[in-house]
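In order, the protein sequence lines correspond to chains A and B.
Going by my numbering, 192 is the number at position 192 of the first sequence; the sequence numbering is gapless.
Numbers in my numbering are just positions in the second sequence, counted from 1, shifted up by 305.
A hint or two may mislead.
No more than 25 Å apart at the CA atoms, straight line, and that leaves these computed lysine-lysine pairs for PhoX-like [claimed, not checked]:
(1) LYS250/A <-> LYS199/A
(2) LYS496/B <-> LYS508/B
(3) LYS166/A <-> LYS191/A
(4) LYS555/B <-> LYS250/A
(5) LYS442/B <-> LYS496/B
(6) LYS221/A <-> LYS255/A
(7) LYS221/A <-> LYS203/A
(8) LYS442/B <-> LYS250/A
(9) LYS471/B <-> LYS560/B
(10) LYS555/B <-> LYS255/A
(11) LYS250/A <-> LYS191/A
(12) LYS560/B <-> LYS255/A
No wet-lab data here; the hints were simulated from the structure.
Predicted model, so just to flag it, every value in this text is computed and none were measured.
There are 2 protein chains.
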Amino acid sequence: MPQIIECIPNFSEGRNPTIVQALITAVKSVPDVWLLDHTMDGDHHRAVLTFVGPPEAVGEAAARAIKVATELIDLRRHDGKHPRVGATDVVPFVPIQDVSMEECVQLARGIGQRVSADLGIPVFFYEQAATHPDHVKLENIRRGGLQGLASRIVSDPTWAPDFGPKRLHETAGAVVIGARQPLIAFNVNLKTDDLTVAKAIAKTIRHSNGGLPCLKAIGVKLASRGMVQVAMNLTDYRVTSMHTAFQAVKTEASKRGVEIIGSELIGLVPQAALDQTSAASIQLERFDSAQVLETRIGVVMSRGH
Amino acid sequence: MPQIIECIPNFSEGRNPTIVQALITAVKSVPDVWLLDHTMDGDHHRAVLTFVGPPEAVGEAAARAIKVATELIDLRRHDGKHPRVGATDVVPFVPIQDVSMEECVQLARGIGQRVSADLGIPVFFYEQAATHPDHVKLENIRRGGLQGLASRIVSDPTWAPDFGPKRLHETAGAVVIGARQPLIAFNVNLKTDDLTVAKAIAKTIRHSNGGLPCLKAIGVKLASRGMVQVAMNLTDYRVTSMHTAFQAVKTEASKRGVEIIGSELIGLVPQAALDQTSAASIQLERFDSAQVLETRIGVVMSRGH
Numbered sequence: 001m002p003q004i005i006e007c008i009p010n011f012s013e014g015r016n017p018t019i020v021q022a023l024i025t026a027v028k029s030v031p032d033v034w035l036l037d038h039t040m041d042g043d044h045h046r047a048v049l050t051f052v053g054p055p056e057a058v059g060e061a062a063a064r065a066i067k068v069a070t071e072l073i074d075l076r077r078h079d080g081k082h083p084r085v086g087a088t089d090v091v092p093f094v095p096i097q098d099v100s101m102e103e104c105v106q107l108a109r110g111i112g113q114r115v116s117a118d119l120g121i122p123v124f125f126y127e128q129a130a131t132h133p134d135h136v137k138l139e140n141i142r143r144g145g146l147q148g149l150a151s152r153i154v155s156d157p158t159w160a161p162d163f164g165p166k167r168l169h170e171t172a173g174a175v176v177i178g179a180r181q182p183l184i185a186f187n188v189n190l191k192t193d194d195l196t197v198a199k200a201i202a203k204t205i206r207h208s209n210g211g212l213p214c215l216k217a218i219g220v221k222l223a224s225r226g227m228v229q230v231a232m233n234l235t236d237y238r239v240t241s242m243h244t245a246f247q248a249v250k251t252e253a254s255k256r257g258v259e260i261i262g263s264e265l266i267g268l269v270p271q272a273a274l275d276q277t278s279a280a281s282i283q284l285e286r287f288d289s290a291q292v293l294e295t296r297i298g299v300v301m302s303r304g305h
Numbered sequence: 306m307p308q309i310i311e312c313i314p315n316f317s318e319g320r321n322p323t324i325v326q327a328l329i330t331a332v333k334s335v336p337d338v339w340l341l342d343h344t345m346d347g348d349h350h351r352a353v354l355t356f357v358g359p360p361e362a363v364g365e366a367a368a369r370a371i372k373v374a375t376e377l378i379d380l381r382r383h384d385g386k387h388p389r390v391g392a393t394d395v396v397p398f399v400p401i402q403d404v405s406m407e408e409c410v411q412l413a414r415g416i417g418q419r420v421s422a423d424l425g426i427p428v429f430f431y432e433q434a435a436t437h438p439d440h441v442k443l444e445n446i447r448r449g450g451l452q453g454l455a456s457r458i459v460s461d462p463t464w465a466p467d468f469g470p471k472r473l474h475e476t477a478g479a480v481v482i483g484a485r486q487p488l489i490a491f492n493v494n495l496k497t498d499d500l501t502v503a504k505a506i507a508k509t510i511r512h513s514n515g516g517l518p519c520l521k522a523i524g525v526k527l528a529s530r531g532m533v534q535v536a537m538n539l540t541d542y543r544v545t546s547m548h549t550a551f552q553a554v555k556t557e558a559s560k561r562g563v564e565i566i567g568s569e570l571i572g573l574v575p576q577a578a579l580d581q582t583s584a585a586s587i588q589l590e591r592f593d594s595a596q597v598l599e600t601r602i603g604v605v606m607s608r609g610h
């Protein structure tokens, strides 16, 4: 099985298709890199690319896209609703196949050193690649927005960047680079239009308020559908699964006399996260992916006769 | 994506490893055929091979194995516990990838015609390949065992074979060949040693007693584990899923004040059956296998840049 890493860089440009196309072109210019998805959102003023490939190629593609973003995006003229600290805001590397988290960390650090040197831009390492506990969580790095980071980076030794100058780049801010597990965006819709219910459930189940580990949650109103939603990020499905998260929302909703309408997955989900959920839902005593017909076929065929 | 058919022939030999090895060798002698699994059971006196490959190769491998079984297995000296009507008892072809059920039916019929002509053995088509409604279910063909079929084939026009002589082969009986959906063997274990509970639940939920379609179930005592089990076959998981079957057992057990200990999958399970179960368990409003990361990677890579 070839090594595969996924990279999901977020850029602070969601309106100008020419710039987003230039970012895509930079990624696709690297052989063996495969673009899986790209989205742009005008309100958030943000674009997200998703691509995969072998470690070196994925790192190269990320570095080229960061260079293009630094050249074309000017944060001084930015008014998007999404929090951000850079033209290239955040660049996570995710292990997918035959790659360890350590290799993703090394890739993140190597690319961070390279782009800071090439572009004169401060780089912060986050999540598994973080070198300081305060830098692990993206929301900590973003606290106070671009201005908050601009002042901390100068005044607070804790907030010295891992590489690059101790001041933000004039037009491109900073770049946050790191390694993490696949993140699952999983939302559960409630049969009520009372936002306080969704907010209360989110507060009860999320880790930051003492709830389930590796679970982030907020309550969101879906005005056009006349309902509210508990919008979740599962940052490590091996710790808190979709099944556990769903059951937690269902239990909390039930306490408040509210039914579940259904749920939705945003973006891509690892096969193992689905398999884990089905195994849990039918209380399988043992489950081995070698029992999956297609997986067995793949293993047998790759092994040869 | 290459065409893949699965074949799971059952042979009436579960004690002599030399004969089982000869069957395996016959299957493996065909290029492009991949043996996924083989089991032999002395009590049942039965061996099951599981192999996959492109349609023509899988048909060729099945024909070669049927020839070897006809030459080496003598049903007159058979005392296994499992019901049977042939040295090669039953040969199902299952569509796995980029193959229609109709192609599996055509393959079954072609191989049936060939082996009946080559070996002078009567062939019955069953399940999707059946040409007579009484032949659809294997249990109908097996009714009365080898002797029952031996007398029906001579006396009852309904029981004329699809190809071959209107009498059983002296040493090898008959061969039942057909096409069907993947079958899932799925068992739920109950926190009681009262076999009547498992039998009552099985009777309530199985199709033959007016329960769930495409679900077969029996109650089984697991003496060594001090519990009973509802042992199920899901003959079309798209009609009745593992999730539905599990919930049915759980509901019926609960009515009788009995808890579920857990469940187990025997043999291989299609990925889609697991995905369906996870989607149902978290009430996903939409699920598309294109949302599975590994599937998306496979599709994008096979499509080219």
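Okay, the hints, checked on the actual structure:
1. Between LYS250/A and LYS199/A the CA atoms are separated by roughly 14 Å; this keeps the pair inside 25 Å, and the hint holds.
2. A C-alpha spacing of about 18 Å is found between LYS496/B and LYS508/B, which places the hinted pair at or below 25 Å, so the restraint holds.
3. For the given pair, LYS166/A sits about 50 Å from LYS191/A by alpha-carbon distance, which is inconsistent with the 25 Å threshold.
4. Restraint check for LYS555/B and LYS250/A: the C-alpha separation of about 19 Å stays at or below 25 Å, so the hint holds.
5. Note on LYS442/B and LYS496/B: the hinted pairing is violated, with a Cα-Cα distance of about 33 Å set against a maximum of 25 Å.
6. With a C-alpha separation of about 20 Å, the suggested pairing of LYS221/A with LYS255/A holds against the 25 Å cut-off.
7. Restraint check for LYS221/A and LYS203/A: satisfied, since their Cα atoms lie roughly 15 Å apart, inside the 25 Å limit.
8. At most 25 Å may separate the alpha-carbon atoms for a hinted pair to count; LYS442/B and LYS250/A exceed this at roughly 42 Å.
9. Proposed proximity of LYS471/B and LYS560/B is contradicted: the alpha carbons are some 51 Å apart, above 25 Å.
10. Among the hinted pairs, LYS555/B with LYS255/A is consistent with the structure: their alpha-carbon atoms are about 23 Å apart, no more than 25 Å.
11. Taking the CA atoms of LYS250/A and LYS191/A, the gap is about 11 Å. The hint holds against a cut of 25 Å.
12. Taken as a hint, the LYS560/B and LYS255/A pair is honoured in the structure, with Cα atoms around 24 Å apart against an allowance of 25 Å.
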